[in-house]
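For the record, the sequence lines run as chains A and B. Residue 115 in this note's numbering sits at position 115 of the first sequence, and the numbers go up by one each step. Residue 14 in this note's numbering sits at position 14 of the second sequence, and the numbers go up by one each step.
Watch out, some of these pointers could steer you wrong.
Any copy, or any two copies together, can satisfy a pair, since identical chains are not distinguished.
Below, simulated DSSO-like cross-link-like pairs (lysine-lysine); rule was C-alpha separation at most 27 Å, straight line [to be verified]:
hint, residue 1, residue 2
1, K116, K38
2, K93, K19
3, K116, K19
4, K81, K19
5, K93, K81
6, K87, K19
7, K93, K38
8, K116, K87
9, K38, K81
10, K93, K116
11, K38, K87
Hints in this document: simulated from the structure, not taken from any laboratory.
Read off the chains here:
Number of protein chains: 2
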Amino acid sequence: MDKPERCDFLYVHQETVEKVQNSMPAEEDLYDLAELFKVFGDSTRIKILYALLEAELCVCDISQLLGVSQTAVSHQLRVLKNSSLVKYRREGKNIFYSLADDHVRSVLGQGMDHIKE
Amino acid sequence: MDKPERCDFLYVHQETVEKVQNSMPAEEDLYDLAELFKVFGDSTRIKILYALLEAELCVCDISQLLGVSQTAVSHQLRVLKNSSLVKYRREGKNIFYSLADDHVRSVLGQGMDHIKE
DNA sequence: CGTTCATATGAACACTTTATCATATATTAT
DNA sequence: ATAATATATGATAAAGTGTTCATATGAACG
Chain A
1 MDKPERCDFL YVHQETVEKV QNSMPAEEDL YDLAELFKVF GDSTRIKILY ALLEAELCVC
61 DISQLLGVSQ TAVSHQLRVL KNSSLVKYRR EGKNIFYSLA DDHVRSVLGQ GMDHIKE
Chain B
1 MDKPERCDFL YVHQETVEKV QNSMPAEEDL YDLAELFKVF GDSTRIKILY ALLEAELCVC
61 DISQLLGVSQ TAVSHQLRVL KNSSLVKYRR EGKNIFYSLA DDHVRSVLGQ GMDHIKE
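Put together the whole structure using the sequences plus the hints.
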């Protein structure tokens with residue numbers, strides 16, 4: 001253990017703090033990571049993602065499934081799209097959304113594990 | 001494929017929607033999950049968690065390390081504590097925080113994988 | 001005991017975010 | 001073309017969030 005020092009001017013545990021500082025990811029990555037989790041941090045979007053785990057769905061399906069207005073779903077899908085969490089394809093008047101990759105599944109899974117303790 | 005129906009009154013793809021509906025976790029779990037990710041969705045808290053991946057730290061250490069005021073750190077630690085993401089122990093005037101369990105590490109890791117694509 | 005240091009808490013304010021409403025775009029059918 | 005359907009977009013209002021400031025608590029020590 002290193003010597004405690006005054007908090008407002010010196011590190012209390014300077015050695016430890018320096019070690020940790022060197023292990024921290026780049027500021028930008030930490031910021032992006034927070035942005036990503038922010039996207040997961042809304043129950044409407046979580047529901048959309050869970051629905052898309054099972055099947056490709058059009059906006060209308062999602063709207064009915066969740067009991068959320070089409071407009072709200074559309075807005076949230078845009079957020080998910082901007083974070084590359086979902087992709088879409090057009091088929092006539094419908095636009096079908098699906099998960100962009102398998103990270104979504106893992107992230108949701110890890111989160112659910114924590115909840116279920 | 002099932003027959004498309006009018007969106008505002010019937011499911012567009014009723015069969016699919018029903019299948020998905022049965023696979024959805026309980027409303028409450030989805031809500032809790034969103035709450036959990038909301039906690040990860042702030043860069044100050046993300047930084048705190050990453051710091052705690054490496055070592056147990058007191059509030060002052062964290063404050064210095066991140067260049068964030070003691071008050072702000074304290075407020076955020078409370079949020080993390082309320083979500084059972086961190087635990088703490090007192091040692092004299094210091095209070096040392098550490099990660100509550102290993103889910104944090106996995107969640108952060110999965111998220112970072114997505115970012116790094 | 002009173003002081004100092006480490007941390008916590010409450011209120012206030014600025015900033016975001018989300019749903020809603022009205023409207024626009026795009027596709028298909030008549 | 002016109003109408004109808006599916007989805008997207010922009011503005012607005014309401015709710016939520018994070019930081020700061022001022023202050024409180026709690027421990028150690030002369």
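How would you classify K116 and K87 at a CA-CA limit of 27 Å: within, between, both, or neither? between (29 Å within a copy, 18 Å between copies)
Between copies, within a copy, both or neither: which fits K38 and K87 at Cα up to 27 Å? Cα proximity of K38 and K87: in one copy and across copies (19 Å, 23 Å).
Is it within a copy, between copies, both, or neither that the alpha carbon of K116 lies no farther than 27 Å from that of K19? Between copies only: 24 Å across chains, 33 Å inside a chain, cut-off 27 Å.
Could you place K93 and K116 in one of the four classes (within, between, both, neither) given a Cα distance threshold of 27 Å? Classified as neither: same-chain Cα gap 40 Å, cross-chain 34 Å, threshold 27 Å.
Status of K81 relative to K38 across identical chains (alpha carbons, at most 27 Å): both (14 Å within a copy, 18 Å between copies)
Give the relationship of K93 and K38 under a CA distance limit of 27 Å: within one copy only, between copies only, both, or neither. neither (31 Å within a copy, 34 Å between copies)
Given identical chains, is K116 near K38, meaning Cα to Cα at most 27 Å, within a copy, between copies, both, or neither? both (21 Å within a copy, 17 Å between copies)
Regarding K93 and K81, is the shortest C-alpha distance of 27 Å or less found within a copy, between copies, in both, or in neither? within (19 Å within a copy, 47 Å between copies)
Measure nothing new, just compare the shortest in-copy and cross-copy C-alpha distances for K93 and K19 to 27 Å and report within, between, both or neither. For K93 and K19, only the inter-copy Cα distance (23 Å) is at most 27 Å; the intra-copy one is 56 Å.
Please sort K81 with K19 into within, between, both or neither, judging by C-alpha distance up to 27 Å. between (37 Å within a copy, 24 Å between copies)
At most 27 Å between CA atoms: does that hold for K87 and K19 within a copy, between copies, both, or neither? Intra 40 Å, inter 21 Å, cutoff 27 Å: inter-copy only.
In summary, the numbered hints that this structure violates are 7, 10.
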